[in-house]
Amino acid sequence: MKTISELTDFYYKNLHPILQDLDNERKKVKSRVIYSVFIFTLFTLLIAFVLSSYHVSFDIFVFLVFGYIAGIGMIYKFLSIGYRSHFKEKIMKPLISELDDTLTYSPHQHIPSHYFTNSKIFTSRIDRINGDDLVCGSIDGVHLEFSDLEVEKKIDNIKNNKEEYITIFKGLFIVSEFNKNFFGQTVILPDTAQSSFGNFVGNFLQSHNIARDELVKMDNVEFEKEFVVYSNNQIEARYILTPSLMEKILHLKKRTKHPIYLSFINKNIHIAISYKKNLFEPSIFESLLKHKVAMEYIETLHIATSIVEELKLNQKLWSKR
Amino acid sequence: MSAPLIIAIIVILVFILLYNSLVAKKNQVENVFATIDTQLKKRYDLIPNLVSSVSQYMKHEKSILEDITKLRAKASNPNISQKEKIALDSQVSSALGSIMVAVENYPELKANENIMQLQYTLTEVEEQISAARRAYNQAVTDYNNALEQIPTNILANMMGYSKKDVFVITKEERKNIDVGKLFNS
Numbered sequence: 001m002k003t004i005s006e007l008t009d010f011y012y013k014n015l016h017p018i019l020q021d022l023d024n025e026r027k028k029v030k031s032r033v034i035y036s037v038f039i040f041t042l043f044t045l046l047i048a049f050v051l052s053s054y055h056v057s058f059d060i061f062v063f064l065v066f067g068y069i070a071g072i073g074m075i076y077k078f079l080s081i082g083y084r085s086h087f088k089e090k091i092m093k094p095l096i097s098e099l100d101d102t103l104t105y106s107p108h109q110h111i112p113s114h115y116f117t118n119s120k121i122f123t124s125r126i127d128r129i130n131g132d133d134l135v136c137g138s139i140d141g142v143h144l145e146f147s148d149l150e151v152e153k154k155i156d157n158i159k160n161n162k163e164e165y166i167t168i169f170k171g172l173f174i175v176s177e178f179n180k181n182f183f184g185q186t187v188i189l190p191d192t193a194q195s196s197f198g199n200f201v202g203n204f205l206q207s208h209n210i211a212r213d214e215l216v217k218m219d220n221v222e223f224e225k226e227f228v229v230y231s232n233n234q235i236e237a238r239y240i241l242t243p244s245l246m247e248k249i250l251h252l253k254k255r256t257k258h259p260i261y262l263s264f265i266n267k268n269i270h271i272a273i274s275y276k277k278n279l280f281e282p283s284i285f286e287s288l289l290k291h292k293v294a295m296e297y298i299e300t301l302h303i304a305t306s307i308v309e310e311l312k313l314n315q316k317l318w319s320k321r
Numbered sequence: 001m002s003a004p005l006i007i008a009i010i011v012i013l014v015f016i017l018l019y020n021s022l023v024a025k026k027n028q029v030e031n032v033f034a035t036i037d038t039q040l041k042k043r044y045d046l047i048p049n050l051v052s053s054v055s056q057y058m059k060h061e062k063s064i065l066e067d068i069t070k071l072r073a074k075a076s077n078p079n080i081s082q083k084e085k086i087a088l089d090s091q092v093s094s095a096l097g098s099i100m101v102a103v104e105n106y107p108e109l110k111a112n113e114n115i116m117q118l119q120y121t122l123t124e125v126e127e128q129i130s131a132a133r134r135a136y137n138q139a140v141t142d143y144n145n146a147l148e149q150i151p152t153n154i155l156a157n158m159m160g161y162s163k164k165d166v167f168v169i170t171k172e173e174r175k176n177i178d179v180g181k182l183f184n185s
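Residue numbers (my numbering), protein chains in the order written: chain A, 1 to 321; chain B, 1 to 185.
Quick caveat, the hints were computed from the structure, so don't treat them as lab data.
Only a predicted model underlies this, so the values are computations on that prediction, with no experimental measurement involved.
Do not rely on the hints blindly, as some may be mistaken.
[Said to hold, decoys possible] Listed below are the simulated DMTMM-like cross-link pairs for lysine to aspartate or glutamate, each with C-alpha atoms no more than 25 Å apart in a straight line:
| hint | chain 1 | residue 1 | chain 2 | residue 2 |
| --- | --- | --- | --- | --- |
| 1 | B | Lys163 | A | Asp219 |
| 2 | B | Lys85 | A | Glu224 |
| 3 | B | Lys26 | A | Asp213 |
| 4 | A | Lys225 | B | Asp142 |
| 5 | A | Lys316 | B | Glu30 |
| 6 | A | Lys312 | B | Glu108 |
| 7 | A | Lys217 | B | Asp45 |
| 8 | A | Lys217 | B | Asp37 |
| 9 | A | Lys267 | B | Glu124 |
| 10 | A | Lys217 | B | Glu127 |
| 11 | A | Lys217 | B | Glu108 |
| 12 | B | Lys26 | A | Glu224 |
| 13 | A | Lys312 | B | Glu113 |
| 14 | B | Lys26 | A | Glu214 |
| 15 | A | Lys320 | B | Asp142 |
| 16 | B | Lys164 | A | Glu150 |
| 17 | A | Lys316 | B | Glu127 |
| 18 | A | Lys320 | B | Glu148 |
| 19 | A | Lys320 | B | Glu127 |
| 20 | B | Lys26 | A | Asp219 |
| 21 | A | Lys217 | B | Asp165 |
| 22 | A | Lys248 | B | Glu30 |
| 23 | A | Lys320 | B | Asp165 |
Start from the sequences, fold in the hints, and give me the full structure.
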């Protein structure tokens, strides 16, 4: 597996001509979008002007505003679709192959929803699941797959009588083989109760959470502050979460700088990192040659694949072979 | 209903809740210790296999092998107390550690399928024991806290509950490979 600096070298050296071409394409798309939005704005203003002279109800204006916003979104999506798929085909794909040659990339697929549900990280019902950028393969003999995921739940808004969706999770979802045998389920969530309510009340709320298994108090102080652990087997939870694994998870959390959820179920480890945005999507307003933009893609890809080494999933010291 | 009656009912309810929580904590400690026992047994059961596999090669380490066989015999006595079990555990840990380090000096043993399998199983059992010890310590800490905190301390006094000891994890814990010893021999 390559390091971040090797990837950055590859990006700027080998992919340079493609980056140039793509940047030219991006500039063309950007001017097309700006031009179209300008025309569309004028058009909308014209309609508004016409409508105002006919004394129509206020609701129509509200509808017009929503329509305008939706229209801009559609213009952007439609005009940039070529650029975005070129990015995935010509930049993402080679980057991923360079990272490790066993990895395959499917830009339009995502982690199957049963992996998400079975991970038991989120307990609510799932009504809609979308995603892309599926990467599959094995690093150092350990099977790994990850993708972007956006998972939503439907709520019935009685006021407007419409269906609304709220996001349960949006970010990177990773599944990998774990190197120890275990039979129960252990879930690790960010510790919000302890930080909002302090130790005493927080602990009370957490130990009486009916949606979850038994609370497991871990013996690493920093880990306890950052995470809350639920498991149906107190001893197995500690067999999995050794002092060294807890340190590694803390280190991973610092590296990703976003909320991180984990679970150990069914011989696998599941990791959900809530980025709250769709990753690996190029913006038409920022050049791919810019260091900040490039590093974001490279860093995220590297974080996802380095899970195997960071958490030492490739260490086979126990009877699971 | 009159006020004193309501107060009396509330007091009784609270009493029952506190009593139950104390009992639950005491039982949790015993529950986890029982699991430690099971894991210790698993480890003891691996010892005869280990001793017979290495004894033909490891002529110089005869004394350690005899020691560990004696420790195992002691451990299989059903009448030993919890304190003795804990003491035996750390002795067996260090004896096993010495044997596994000594194995590193015999290339025929290191390559032996059976020994490798035993090594993996031993590592697994040791880690399970370690996890069980940690769970035990947490259970004991919760129990001891309840014994000292208000209002459960009053109740605990009445029930005659006393503090329990946590497992002290000694430095002789078996490490997977003691690289220093490996290069010095």
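To see whether the hints hold, each was checked on the structure:
| no. | hint | result |
| --- | --- | --- |
| 1 | B:Lys163 / A:Asp219 | 20 Å, holds |
| 2 | B:Lys85 / A:Glu224 | 31 Å, violated |
| 3 | B:Lys26 / A:Asp213 | 20 Å, holds |
| 4 | A:Lys225 / B:Asp142 | 18 Å, holds |
| 5 | A:Lys316 / B:Glu30 | 33 Å, violated |
| 6 | A:Lys312 / B:Glu108 | 28 Å, violated |
| 7 | A:Lys217 / B:Asp45 | 31 Å, violated |
| 8 | A:Lys217 / B:Asp37 | 22 Å, holds |
| 9 | A:Lys267 / B:Glu124 | 15 Å, holds |
| 10 | A:Lys217 / B:Glu127 | 18 Å, holds |
| 11 | A:Lys217 / B:Glu108 | 44 Å, violated |
| 12 | B:Lys26 / A:Glu224 | 24 Å, holds |
| 13 | A:Lys312 / B:Glu113 | 24 Å, holds |
| 14 | B:Lys26 / A:Glu214 | 17 Å, holds |
| 15 | A:Lys320 / B:Asp142 | 33 Å, violated |
| 16 | B:Lys164 / A:Glu150 | 49 Å, violated |
| 17 | A:Lys316 / B:Glu127 | 13 Å, holds |
| 18 | A:Lys320 / B:Glu148 | 43 Å, violated |
| 19 | A:Lys320 / B:Glu127 | 13 Å, holds |
| 20 | B:Lys26 / A:Asp219 | 20 Å, holds |
| 21 | A:Lys217 / B:Asp165 | 18 Å, holds |
| 22 | A:Lys248 / B:Glu30 | 32 Å, violated |
| 23 | A:Lys320 / B:Asp165 | 34 Å, violated |
In terms of the numbered hints stated before, the structure departs from hints 2, 5, 6, 7, 11, 15, 16, 18, 22, 23, listed from lowest to highest.
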